[in-house]
Amino acid sequence: MQDPEPSYPGARAPDREFRVDAAGVGIAVYEWGEADAPPVLLAHGGFDFARTFDVFAALLAEAGWRAVSWDHRGHGLSDHTELYSWDADLRDLLEVVDARIPAPCPAIGHSKGGGLLMQFIHALPHRFTKFVAIDGMPSKRPHPDVAEHERTRLLGKEISAWLDHRRRAAELVRKPGTPEELAKRRKRMNPRLSDEWLLYLARVGARRDPDGWRWRIDPALRFGGFGPWRAEWSLQRLPGFPVPLLGLLGTEREPMDWGTTRASVEPYLPAGAELHVVEGTGHFIHIEQPHHVAKRVLEFLAS
Amino acid sequence: MKHTLRHSRVELALHEFVSGPGRPLLLLHGLGEHSPTAAPAELADWPGGVFALDFTGHGDSTVPRGGGYTAEILMGDVDAALGFLGEATLVGRGLGAYVGLLAAGGRPEQVRGLIVRDGPGLVGGGGGAISPHIARVDASGPVPPDPFALVELSRDLRPRDYAASFARQATQLSGLQRPITVCALERPEWLTALAEEIGVEDRPLADALRDYATLD
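Top line first, the protein sequences correspond to chains L and G.
If you use the working numbering, the first sequence corresponds to residues 1 to 303, in order.
If you use the working numbering, the second sequence corresponds to residues 1001 to 1216, in order.
Mixed in with the good hints, there may be bad ones.
Said to hold, decoys possible - Quick list of simulated restraints, FRET-style, between CB atoms: (1) L/18 <-> G/1001: 29 to 37 Å; (2) L/157 <-> G/1047: 47 to 55 Å; (3) G/1185 <-> L/176: 53 to 61 Å; (4) G/1020 <-> L/224: 39 to 47 Å; (5) G/1020 <-> L/153: 33 to 41 Å; (6) G/1047 <-> L/125: 53 to 61 Å; (7) G/1125 <-> L/161: 25 to 33 Å.
It is worth saying that the hints were derived from the structure and are not from the lab.
Model, not experiment: these values are computed from the prediction.
Ideal Cβ placement from N, Cα and C applies to all residues, glycine included.
Work the whole structure out from these sequences, hints included.
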């Protein structure tokens, strides 16, 4: 027996779902709005999924847009794969854009989705008209004030923990629970969301297994990490961003936020860029305040 | 003899050329290559076993769908081999040399010496920011090697200070005086930075092998 479709005030399931083949990796694509409406591309954050846009995208659709989003590989209904990387995500995105968006369009990205889109738009500016970054703009985080040998030790611990995770990755499974338990776990990241909204997100973001519900995110993925890439490279590139930009920032510091503040990013903004701070919100601004964010974004898209 | 190891969802081929007690030598091939079919003659005096690993997407190891390669992921391949072997001295060619450096820093207690040698993929994608672009991959060629690996691992970034940080970890945490030996003519940015670090020495292959063979 199929579980009934969950409901939440203002939330709307996508009007269409597709599957795009990205070199053998199945990518789940969603659209809200009329099929012939002008497209706007939405990118979710890391460890999230496209249907977290069920309220925000519905508002864009009601305003006459065709909101197009996709689950990153390993997230939501897209395939779990052997390898994950930033470049692979960019290539998957290119397949989605090629398949569903034939003409230049605006794009909106949250967190990792914002970072991906910034790089994507830098690489292919002719395919975009405007960009909204929802806590997805780079920040130059200061190095911790520790001695060099201590920094070496800390990095060594981080790499060792990552390698330990890789050794176990094939056997890892997500912890099952009821939708209410999954919602409670997510509340740690989204402390200001109502239980009803969190329960809805759990129902559309998790799958029912024989022993309970599980978030669909691939357990082989891991928060944090290390690598050669530097956030300041994106920051230094920001003044030359090729399309009009609106940045949205929250005010409440949370574990997943990028640490970007008005003061830290403003000196790097291109001429004409807009910055909007949504008081009392954290990293997931569009999930906490979808109506407020949609209103501001629609104004920007119409300007 | 071939052993099959697991690294997440990838099956890795670990070839055993020489069996025996004593610390094994683990060979890491270059970009687009695969393990040799026998132990190279120049390593004949090594007193322990001699093994060679096929990286993900190369040789007899799994070719994954849709790419996603990084040098750090291949460090996980080496770590899977270290999980099997216990500890090892690494001899890396080209890409394998860079991945060996990451492994030497990431698992300093288990990597008992790294020898860096010339070979395909030694240079990588440079040491700093590059103009954003999206590399389309022509997947119509022969596989293996995985064409995604050839594209992605020839453009992975290798900043000087990033490479140096792995050398420092190897030096600081391995307890070895000379954990890394450079036996390479080509000097990309990362290798120049590496060669300036304490604990990294230029010396002939035979000297390095003799030194590492006698470690406790």
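Structure-based check of all given hints:
1. L/18 <-> G/1001: 29 to 37 Å: 47 Å, violated
2. L/157 <-> G/1047: 47 to 55 Å: The hinted range 47 to 55 Å is violated for residue 157 of chain L and residue 1047 of chain G, with Cβ atoms some 33 Å apart.
3. G/1185 <-> L/176: 53 to 61 Å: 56 Å, holds
4. G/1020 <-> L/224: 39 to 47 Å: Once the Cβ atoms are compared, 40 Å apart, the range 39 to 47 Å for residue 224 of chain L and residue 1020 of chain G holds.
5. G/1020 <-> L/153: 33 to 41 Å: 35 Å, holds
6. G/1047 <-> L/125: 53 to 61 Å: 59 Å Cβ-Cβ, so the 53 to 61 Å window holds.
7. G/1125 <-> L/161: 25 to 33 Å: 26 Å, holds
Hint compliance for this structure: hints 1, 2 are broken, all remaining hints hold.
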